[in-house]
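Asks: Here is what each chain is made of, one letter per residue.
2 protein chains.
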Amino acid sequence: MKLAVTGKGGTGKTTVACLLAHYFKNDGYQVLAVDADPDANLASALGIPSEQAALIIPISQQRQLIEERTGAKLKQFGQLFKLNPTVNDIADNYGISFQGIRLLVMGGIQKGGDGCACPENVLLRSLLSEIILNRDEVVIVDMEAGIEHLGRATARSIDKMLITVEPGSRSISTAKTIIRLSKEIGVNKFGIVGNKIQNRTQEQWIIRQFSPGQILGMISYHENIQEGDLKQQSLMEVLDNELRKEFDKIYYGCRQKNE
Amino acid sequence: MKLAVTGKGGTGKTTVACLLAHYFKNDGYQVLAVDADPDANLASALGIPSEQAALIIPISQQRQLIEERTGAKLKQFGQLFKLNPTVNDIADNYGISFQGIRLLVMGGIQKGGDGCACPENVLLRSLLSEIILNRDEVVIVDMEAGIEHLGRATARSIDKMLITVEPGSRSISTAKTIIRLSKEIGVNKFGIVGNKIQNRTQEQWIIRQFSPGQILGMISYHENIQEGDLKQQSLMEVLDNELRKEFDKIYYGCRQKNE
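Same order as they appear, the protein sequences are chains A and B.
For the first sequence, counting from 1, position 154 maps to 153 in numbering that gives the first Met the number 0; every step adds exactly one.
For the second sequence, counting from 1, position 242 maps to 241 in numbering that gives the first Met the number 0; every step adds exactly one.
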């Protein structure tokens, strides 16, 4: 299964992608997590120590290497992944493994004025469409915030698009735009995850904004997530029983293919 | 003066851009506010009624019109604004006016798979560099979240880059990346605005992350901003004395050119 986590910036995409990766892994799946947000840090959320994270060569840098060595240009980048890559191939060649989770980092803007992230998005789109998954394998993409990736159709071959929202009208409006644009690139399964919920009124307010089948679950506002972030703890370190219970529901909903 | 408001998604760029626009206007400045975030809604934050906001034709759509009519291609877009445009020209030809604030909307991704936002960024970069400002005129750009615009050097001719952060290590890390990349495109003045501050410890923690001269001010966590958002109130409707006092400091710091 190929899952992408999208949403307005700051609504908790990385939190959800990270928890999903751990849940699937603990359930016996082979997990390839892809950090596709040039402004996020899935490695740190996953608990990868900074020394090991420093060894990750982002795809954006590998692209430059490949380009220099082969002279391949943008349009041909897609072909890099054309040989029916598997989760293991990808992890071995382009990523790292940590506690059973494989991580691939797309990489960000390295230098001001160096250009856009279009080439990386071409690469990722190609990777997501070419990768061959077994029944027990899952790809989880922490997408770039906002909606530009939908113009680029980066997530075209995703099976289900999870969308994080918080109790704020702008995150809802982003989610609705994501649903509309995703359908235009052929993605038709969605799961809304409400985050930072402080009371029942906020929860109900979010639920009213979407069709009932689209709601996957809700995550309360957890002070320890924020505090853990300040202390640079991994998400799994701050996972308490309440959050676990909330996320159980999201995870099981997420595993259901036909919705 | 040309100001851009940047930062990680969800940290309050639109809030700060909107307050700045109102403060400058109330102080007698001619204000051109530019909504350059395809995933934001500066018009609604400014309090523009939805019927009037619906009349705004985003630059991205005007670009298509212009392209169809003139056959101009991407590289020539910059020339659209080449004739020493003024704040009034821009507002008259491409934007709308509301309560003395001129607003220009860059526009977003209209259709899934339609492509990236590179052309709009070329246009905006050109506009920002060509526009001629009088002493009493100010341009305030609500930039796209994250850092891709810095690869595109969209804000190359900005005088000061305001960066919103919240008490979270990822927003700080984004801010530091923004400072580094901005210097590479020639922007050297920065103002950090801490937002959603819940206590003195968080405030001090943020202050420690930057050089003292870079801190512009702090905005507490205001429940009425969140509630106002849910009720789709404009920011000025929920502006209370506490927020006003906090923002006074940010505004005066912002007006100082030499920092």
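It is possible that part of the hints are untrue.
Just so you know, same-sequence chains aren't split out, so a pair can sit in one copy or run between any two.
In silico BS3-like links for lysine-lysine, alpha-carbon gap of 27 Å or less [claimed, not checked]:
(1) K182 x K24
(2) K24 x K188
(3) K182 x K244
(4) K110 x K24
(5) K248 x K182
(6) K175 x K110
By construction, these hints were calculated from the structure, which means they are not laboratory data.
Asks: Run every hint past the structure and note whether it holds.
Replies: Each hint tested on the structure:
Taking the closest pair of Cα atoms, K182 and K24 never come within 27 Å of each other, the shortest separation being 29 Å inside a single copy and 41 Å across copies. For the identical chains of this complex, K24 and K188 are intra-copy neighbours only, at 22 Å inside a copy versus 46 Å across copies, given an alpha-carbon limit of 27 Å. In this assembly of identical chains, K182 and K244 lie within 27 Å of each other by CA distance neither inside one copy nor across copies; the values are 31 Å within and 45 Å between. In this assembly of identical chains, the alpha carbons of K110 and K24 never lie at most 27 Å apart, being 35 Å within a copy and 35 Å across copies at closest.
Only within a single protomer do K248 and K182 lie at most 27 Å apart by alpha-carbon distance; the minimum there is 25 Å, versus 45 Å between protomers. Taking identical chains as interchangeable, the C-alpha atoms of K175 and K110 lie at most 27 Å apart only when they sit on different chains, with a minimum of 13 Å there against 33 Å within one chain.
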